[in-house]
Amino acid sequence: MSTSSTVRDPGATAPGSTGPQRADRRTGRSLVGGRGGIWFVLPFMVVYAAFVLWPLLYGLGLSFFDTSLVSDESQFVGLDNYARLLGDSEVWRTLWVTVLFTAGSTIPLVAIALVMALLVQTGVRGQWFWRFVYFAPFLLPVATVVLIWQWLFSGDFGLFNGVLTGLGLPEVGWLTEPEMGLWSVIILTVWWTIGFNFLLYLAALQGIPDQLYEAAEIDGAGGWRRLFSITLPLLTRTTALVVVLQVLASLKLFDQAYILYRGSGGPGGSATPILQYVYDTGFVDYRLGYASAISYVFFVLIILIALVQARLSRRSES
Amino acid sequence: MTTAPRLTRRTLLRATVAAGGAALLSSCAGGASGGAVDLAYWNFFTGSDGELMVDLVEAYRGEAPGVRLTDTTLMWGSPYYTKLAMACAGGRAPDLATMHASRLATFGRDLLDEWDRDELAARGVTLDEFPQPVQDRVVIDGRLMALPLDTHPLVLYYNTDICERAGLLGADGSLSPIRSAEQMLDAGRRAAEVTGATGIAFGAADNFASWMVFWSTFRQLGGEMLLPDGGPAEVDRDAMVQAMTFMHDMCDGTIASGTLDGPAAPAAFASQQAGFLLIGPWEVTTARTAEIPFSMTQFPLLYGDTPYARADSHSFVLPSRVSVDPAVRSAAYDMAVSMLRNSLGWAAGGGHIPALSAVAESPEYLAEKPISNYRDAAQVVAFDPEGYFSGSGSTLMSRAGQTLQGVNSRALTPEQGADDLIGWLDQQLRLGSPL
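So the sequence lines, in the order shown, correspond to chains X and S.
Throughout, this note's numbering is defined as the position within the first sequence, counted from one, plus 22.
Throughout, this note's numbering is defined as the position within the second sequence, counted from one, plus 10.
Bear in mind the hints are in silico, worked out from the structure with no lab data behind them.
All values reported here derive from a predicted model rather than from experimental measurement.
We put the beta carbon where it would ideally sit given N, CA and C, even for glycine.
Treat the hints loosely; a few may be bogus.
Rough simulated footprint, nothing fancy, chain X against chain S, three-plus residues with beta-carbon under 8 angstroms [claimed, not checked]:
#	region
1	115-128
2	147-156
3	269-275
4	414-420
Take a look, some chain S residues computed to stay more than 12 angstroms from chain X by CB distance [as the list claims (entries may be wrong)]:
#	residue
5	S186
6	R298
7	D315
8	M407
Turn these sequences into a full structure, and let the hints steer you where they fit.
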């Protein structure tokens, strides 16, 4: 993550005197090769297998059955569930909502976090205060965040509409207009989670060695020049990391939208992410087999996105 | 040093294990010697209804000191039904649970045990003591699947002070009868003139409130909705368009706001910014707490000749369990019957119409004003259509709510709204039933 450490590491191992000694120590008592290692890994593996691997396989199996939460019998239906979801317009509609949210939230969550980190890094007074203020919302539980924003967005008593009315502007149906439904979730999410990206960027900025800036300054580079020629290029790896993490986090949209609209999916269903459709199908309409099939299709899509991103970032590195 | 008894790590561990084991044994013995029956009861009542439910539970605790009762209150709506269905499917459900009668279509098939009418008769309760429409709903294929506690229909609240100034009260001080949709809208307009804000407080942005008004008017218009597995839905589109037109006309910003949300509607009525409120009877607490001059009446006849009002019944069910302990089952019967018998406080405090005729016809209940004003609504209740995705807190209510909100906020015309809802119903039915 930090550029300085990757620069220093090869230099540290280069002197021949310390290298062999270290290698000797490793071959002597290695946890990796010995029989003891497994006992340290086992507790984690058991939990991982019971709560991740087994449900994953079980869910895949479920998707080939018409299993229902409220009925004792279930039958093998082969690929029927998958065939059915191709024709279920609600699957594609909610998937599109998720994609829109991901695009709409990732861009501000990366761009604004970078700007905030740069502003703090410029050396404003009271650094600790800005760091705290930007990061604090991230520490709040989702239910608290949504409760606060429900009041802010409220159509008749809300602060936002109060301010708009005060300025002589028309009120906005933040939670009631289909065009606004998803944007309200995006605004809330940006406020809530931007602190994490901000922190990643700030750490990366602090890892850029000062001498680069000093050298540039001696060569007569101004502030903007230093930003575009030193800071941003050295942040490329962090940006790639932040974008990957953010896209994956945004695709998981469920809790804030579900709580904000009390499970209704927002005005005209405009804020129903695909995960909510999976939840509703499986647990509200009791159709577990079909819900599993939808979630597996979504799972495959996420893997594809992750692979494409991995390839893109590898290409940019080379 | 060496003579003193040393406390080594091993002795300490041994002593701890021994002490722990002894404590465990003694606690087991204590549990067995008590001989008490453990009874688990789940409900979804929070807020003011929650307090009334606690009274009912405490009353039973007083009657049955030998029963160790654990009552669990969960969040109302689909999360409750999800938890209950999962607990039932896992065979470890509570011994007694609360359920809306409208949800029996899903639960009644496999997840619940039927009530034994002889056991009930032995406790003095027979089926003919419940209103006919409610009986029809809780008996499935001749089996009594739920024991109704109450009926809670859509009702009309009115502010007597505002309505008097608007000239809407009769000589006896109660609301002059409203006999058509036009009269209802006109009453709303006149109340709005008095308040200077809106006439009718109505949760236009709330699924539940919107569904209640829609289903009542749709049924009054003679509308039927049949949801056969595989589809298509058999729906009266004209009645649907007309019911939505009524809601569209009502939410014109003067008669009623098109954007008021669920909690804001009773708040607007309680702060006298509206002359009427359309919601279930449970908001009587809000109006009483606000100490405003108000009364309540049955949802008026807007169309046709039967004043249908959308309603549901809180009822008790016996979730199926892997093994049933007869003593616990017997305690569950006792508790349910005890709560039915004590439902006067439940009715008086929460506005619900008691299901048991012994309570509903008692002079104490009839003396409870304004809540006994609308007791006749129990005979003309309109339950939600039968289907696995229908009922209180269901997908149908939520999805229909989306459409109705669109109509209320004028994002959709009534025709578009009807096509949207029917289109969704067809699609949902094509997916096939999970039952």
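- Holds or violated: is the Cβ of S/M407 farther than 12 angstroms from all Cβ atoms of chain X? violated, 9 angstroms
- Are there at least three residues in the region 115-128 of chain S whose beta carbon sits under 8 angstroms from a beta carbon of chain X? It holds: at least three residues are needed, and the region 115-128 of chain S offers 5 whose Cβ sits within less than 8 angstroms of chain X.
- Are there three or more residues in the region 414-420 of chain S whose C-beta lies closer than 8 angstroms to some C-beta of chain X? This one holds; 3 residues, not fewer than the three required, reach chain X with a Cβ under 8 angstroms.
- With a Cβ-Cβ cutoff of 8 angstroms, does the region 147-156 of chain S contain at least three residues near chain X? Answer violated; 0 residues pass the 8 angstroms Cβ test.
- Should the label of S/R298 as a non-interface residue stand, given a Cβ cut-off of 12 angstroms to chain X? At about 23 angstroms from chain X, S/R298 clears the 12 angstroms cut-off, so the statement holds.
- Item | Consistency of the no-contact label for S/D315, given chain X and a CB cut of 12 angstroms | holds, 34 angstroms
- Determine whether the non-interface label on S/S186 survives the test: each CB of chain X must be over 12 angstroms from its CB. Holds, because the least Cβ-Cβ distance between S/S186 and chain X comes to about 30 angstroms, which exceeds 12 angstroms.
- Quick one: see if chain X covers the region 269-275 of chain S, three-plus residues with Cβ-Cβ under 8 angstroms. holds (count 4)
Hints 2 and 8, counting from the list given before, are not met by this structure.
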